[in-house]
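Peer 1: Sequence:
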Amino acid sequence: MFNLKSKNDRNETTEDIIRQLDGQYAKMSIELEELRNLKQKIEKIDSKLMAMEEIIARSSPVFQTRSKSSTTKAAIKLILQKHGELTSLQLSKLMNLSRTRCNEYLKQMESEGMATSRIYCRKKLYKIRQ
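Following the working numbering, the numbering of the sequence shown begins with 96 at its first residue and continues without gaps.
Don't read these hints as lab results, they were simulated from the structure.
The structure displayed is predicted, hence computed values, not measured ones.
The beta-carbon is built from N, C-alpha and C at its ideal position, and this holds for glycine as well.
Be aware that a few hints might be false.
[Claimed, not checked] Simulated restraints on C-beta separations: (1) 146 x 193: 23 to 33 Å; (2) 109 x 136: 51 to 61 Å; (3) 211 x 136: 30 to 40 Å.
[What the hints assert, rightly or not] Using 16 Å as the maximum straight-line C-alpha spacing, the simulated EDC-like pairs for lysine to aspartate or glutamate come out as follows: (4) 163 x 199; (5) 202 x 180; (6) 219 x 180; (7) 168 x 207; (8) 163 x 148; (9) 218 x 180; (10) 188 x 199; (11) 222 x 205; (12) 219 x 205; (13) 222 x 180.
Could you build all of it, start to finish, from the sequences and the hints given here?
Peer 2: Given below as structure tokens:
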């Protein structure tokens, strides 16, 4: 009798383990399906971004240049045209660049004759040369 009871206990334990594994398998299947859906959404977003980049490249002559430096300078030029005069700190906040990097671009633009600067109240203001 003792052997029968322990065998039944083992069968019940085995069935419990099987139920738990089935539950875990079902949860993993659901999570896998959610990941597949997420991957499809990411791929759609990526294709839309690529299409938007192509549209911008075709429609805006400012961003048709290939080098990052030229693109950044063109963006600085547009911002300075819109705002008139700005300090490198103001420009860095608008462009989300470091102030040092903005200074480098502004000095390059000044040496190329694209921008001019003047000092006012201990601040150097930059504007686009007309």
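Peer 1: With reference to the structure, classify each hint as holding or not holding.
Peer 2: Against the structure, the hints come out as follows:
The hint said 23 to 33 Å for the Cβ distance between residue 146 and residue 193, and at roughly 31 Å that hint holds. The beta-carbon spacing between residue 109 and residue 136, approximately 41 Å, falls outside the hinted interval of 51 to 61 Å. Under the hint 30 to 40 Å, the C-beta atoms of residue 211 and residue 136, about 48 Å apart, miss the expected range. A threshold of 16 Å between alpha carbons decides the hint, and for residue 163 with residue 199 the separation of about 14 Å falls inside it, so the pair holds.
With a CA separation close to 15 Å, the supplied pair residue 202 and residue 180 stays within the 16 Å bound. Straight-line distance between C-alpha atoms of residue 219 and residue 180 comes to about 10 Å, which keeps the hinted pair within the 16 Å bound. Only pairs whose Cα atoms come within 16 Å are accepted, and residue 168 paired with residue 207 is accepted, the gap being roughly 11 Å. Between residue 163 and residue 148 the CA atoms are separated by roughly 15 Å; this keeps the pair inside 16 Å, and the hint holds.
Of the pairs offered as hints, the one joining residue 218 and residue 180 holds, with about 11 Å between alpha carbons and a cut-off of 16 Å not exceeded. With a C-alpha separation of about 15 Å, the suggested pair residue 188 and residue 199 falls inside the 16 Å cut-off, and the hint holds. Between residue 222 and residue 205 the CA atoms are separated by roughly 9 Å; this keeps the pair inside 16 Å, and the hint holds. For the given pair, residue 219 sits about 12 Å from residue 205 by alpha-carbon distance, which is consistent with the 16 Å threshold.
For the suggested pair residue 222 and residue 180, the alpha carbons sit about 5 Å apart, so the restraint of at most 16 Å is met.
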